[in-house]
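The primary structure of each chain is shown beneath.
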Amino acid sequence: MRSPIEPYKIKVVEPIPFTTAEERRAALEAAGWNLFRVPAQRVTIDLLTDSGVTAMSAHQWAGLLDGDEAYAGATSFQRFEAVVQRLTGMPHVIPTHQGRAAERLLFDAIVPAGSVVPGNTHFDTTRANLEARGARAVDLPSPATREPRREHPFKGDIDLPRLEALLREHPGRVPLVLVTATNNGCGGQPVSLANLAATRRLCDAHGVPLYLDGARFAENAWLVREREAGLAGLTPREIARRAFELVDGCLVSAKKDGLVNIGGFLALRDEEIATRVRRQMVVAEGFPTYGGLAGRDLEAMATGLDEVLDPRYLEERIAQVRSLGDTLHAAGVPTIRPAGGHAVYLESRAFAPHLDPLDFPGQAIVCALYLAAGVRSVEIGQLMNGRRGDGGRELPVAQDLVRLAIPRRVYTCCQLAYVAEAVLEVHAARDRLAPLELVDEPPVLRHFSARLRPRE
Amino acid sequence: VPGNMYFTTTRLHQELAGGTFEDVIIDEAHDPESLHPFKGNVDLDRLERLIRRVGPDRVPYVSVAATVNMAGGQPISLENLRAVRELTRRHGVRVILDATRAIENAWFIQQREPGQRERSLGAILRDMCAQTDGCTMSAKKDLLVNIGGFLAVNDPDLFEEARNLVVVYEGLHTYGGLAGRDLEAMARGIDEAIDEDHMRARIGQVEYVGEKLRAAGVPIVLPLGGHAVFVDARRFLPHVPQERFPAQALAAELYLESGVRSMERGMVSAGRDAAGEHRRPRLELVRLTFPRRVYTQAHCDVVCETVEEVSARAASVRGLEMVHEPRYLRFFQARFRPVS
Chain A
730 MRSPIEPYKI KVVEPIPFTT AEERRAALEA AGWNLFRVPA QRVTIDLLTD
780 SGVTAMSAHQ WAGLLDGDEA YAGATSFQRF EAVVQRLTGM PHVIPTHQGR
830 AAERLLFDAI VPAGSVVPGN THFDTTRANL EARGARAVDL PSPATREPRR
880 EHPFKGDIDL PRLEALLREH PGRVPLVLVT ATNNGCGGQP VSLANLAATR
930 RLCDAHGVPL YLDGARFAEN AWLVREREAG LAGLTPREIA RRAFELVDGC
980 LVSAKKDGLV NIGGFLALRD EEIATRVRRQ MVVAEGFPTY GGLAGRDLEA
1030 MATGLDEVLD PRYLEERIAQ VRSLGDTLHA AGVPTIRPAG GHAVYLESRA
1080 FAPHLDPLDF PGQAIVCALY LAAGVRSVEI GQLMNGRRGD GGRELPVAQD
1130 LVRLAIPRRV YTCCQLAYVA EAVLEVHAAR DRLAPLELVD EPPVLRHFSA
1180 RLRPRE
Chain B
518 VPGNMYFTTT RLHQELAGGT FEDVIIDEAH DPESLHPFKG NVDLDRLERL
568 IRRVGPDRVP YVSVAATVNM AGGQPISLEN LRAVRELTRR HGVRVILDAT
618 RAIENAWFIQ QREPGQRERS LGAILRDMCA QTDGCTMSAK KDLLVNIGGF
668 LAVNDPDLFE EARNLVVVYE GLHTYGGLAG RDLEAMARGI DEAIDEDHMR
718 ARIGQVEYVG EKLRAAGVPI VLPLGGHAVF VDARRFLPHV PQERFPAQAL
768 AAELYLESGV RSMERGMVSA GRDAAGEHRR PRLELVRLTF PRRVYTQAHC
818 DVVCETVEEV SARAASVRGL EMVHEPRYLR FFQARFRPVS
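In order, the protein sequence lines correspond to chains A and B.
730 is the number of the first residue of the first sequence in my numbering; add one for each residue after it.
518 is the number of the first residue of the second sequence in my numbering; add one for each residue after it.
Just so you know, not all the hints are guaranteed correct.
[Claimed, not checked] Below, a list of computed lysine to aspartate or glutamate pairs in the DMTMM-like style, where the Cα atoms sit at most 20 angstroms apart: (1) B/657 x A/797; (2) B/657 x A/798; (3) B/657 x A/795.
[To be verified] Derived CB-CB ranges, DEER-like: (4) B/561 x A/751: 49 to 59 angstroms; (5) B/813 x A/743: 32 to 42 angstroms; (6) B/698 x A/747: 19 to 29 angstroms; (7) A/747 x B/565: 53 to 63 angstroms; (8) A/967 x B/792: 34 to 44 angstroms; (9) B/792 x A/902: 28 to 38 angstroms; (10) A/837 x B/792: 38 to 48 angstroms; (11) B/561 x A/1166: 27 to 37 angstroms; (12) A/751 x B/814: 56 to 66 angstroms; (13) A/1147 x B/819: 35 to 45 angstroms.
What the hints contain is simulated information worked out from the structure, not anything from laboratory work.
Remember, predicted model here, so these are calculated numbers, not experimental data.
Idealized CB from N, CA, C, for every residue including glycine.
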């Protein structure tokens, strides 16, 4: 069989910026050693995120002109609603400007203060949204995640025995279980349908609703098709539908598998919850038929949610990410195995064992990659997830990762080969990675705007 | 939080944050027949009395809208805005501009305020902003885009705090929940919006409809506002009492007549007070809001004909009763039926 190739050709191009080592050094210093603060024109290959940075198709761009901008009841909403109903089988479809708005609206409707919300691994904005309401977000990742370099097909699964124990321990205090597929916080690893079905049974036994964070529902479906016994004959749409059928509702940031630059949605089975969300959303999001989006954005999402399920697209997408991961792994770079659906994750502590966990080893790698080649990646470790304990002392996090997130339909194999070369170069000189320290930090989601500096 | 008349979502956010709204607009704003050229002006005595009564520490800011939507798209004068600045400076209180239609407001200043006729819209707008400490902007109005908005402030600490909060609910502070192309469209929209040819045609279209309706004897709010013609439903349907929602009833009749959609801006929009009673605004209006650069003069003629046709059979309109009432911003999703 031939290698998968991109099932599209390029119609419009955008030049990428090139910089000198001196310019990168100056940009990094001005940004307080935080890549979120570096302007995009100083970044050559941008792997900060796979969210909202998709290249839209000609069909999507053309659809922008079909967007109906009516404030209420726009035709673009009707088309979008029908597409999501067909995808999820859920009757109540509520657009939002992006995923975190869907989180906020759902949690406002069903999560009281003092609740406990378990999940396979909550994403950073999900956790912030839950904690902002006085709820406790509990991560119950699969035990297989404790061995990052072990090959395991479904490291995204939730840990069922621990979930059962938690449900027994907190009767009446768990308003929902939230499964994120793929599991971004654990290396973009897939959740098996078998695990999701077992989670459903546990939830039923305890009378707790089950929700899916389906930002990467299509990539999860493809990985399930490749890895789960007896499912290879199903289409990605059929597998995705089976996952949606196991849950009471889903929240989706369409900036990932919706193949758009902005947008998200909530899809729900329960009419009463949907009514509550629709009443609340006009305060800070928008009318329920536009949800803070332009009509054209609803058009683009409706088209993207269909395009993403093309098996040729998914096959090539997953293969591209896997190829980068396998190249690095073969060269001895410590990464989470297998490669995730949307990103390759470097294991910072194994990569730079001479650095203390509180020296921000992941951020040190992120900065070195940028200095070496203008590649922007993101730390998911001490800087993003670190908390302060008694007396303001920084507590070490469980895992420190560097994520190389691959935007959809944006970069070519050559460009990713350039990325691999840059990682290998930094890895070869890893002994010279220097510790970082915080200069200042905001109280919430500090990684977005904190400033750091190399420690003397 | 004092302000020159409430706006629905603005007041709700003030209330959800634990504040209360106090109206300090001049009395003429509540009189649909007053011809005051700047019905959006702040009543300076009322503002000063309020600040003295509750103390400046309990007034986090004065909310100044330009133009004032609920008063009929009425402008505030530059002179009044300067006086608000002077007064609040003495008390150490911030002024935040709701700049949603500030460029339309700048047009009215240019046209109506002594000494402003030779200045550009951009210069007047800048002067307005200079009298304030910051502004909130829904770019979906004057900035000629389909989605977007912004917050701009002078205070670096407030800026830092807002930037830290925006990532939780909206998006990173360099995109704020918008696609990059939306930021481009807004940036270009700012330049196009201060173009005088654009604004002359824009305000001219609203004037065209307003004059035509006035000539036909339809009761409307005068002087004409920037973005809409407001039909006075109390005078249009004098036999329908306010508890039968005359403005909502009139909006429904316009739709039945020819498929023209307008919006109620009266008791339904005003909602209920803390005691659970209907707020009863003096203004019971139907807003014919004109999208920018969208409809032609022929479209406007159809709108005028529709209003005149409903006017001819106004006596047969009996009003509505509310059968479903949401808690927040009820006008969006409430349901009604005709009274039998």
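Of all the hints given earlier, name the ones this structure violates by number, lowest first. 8, 10, 11, 13
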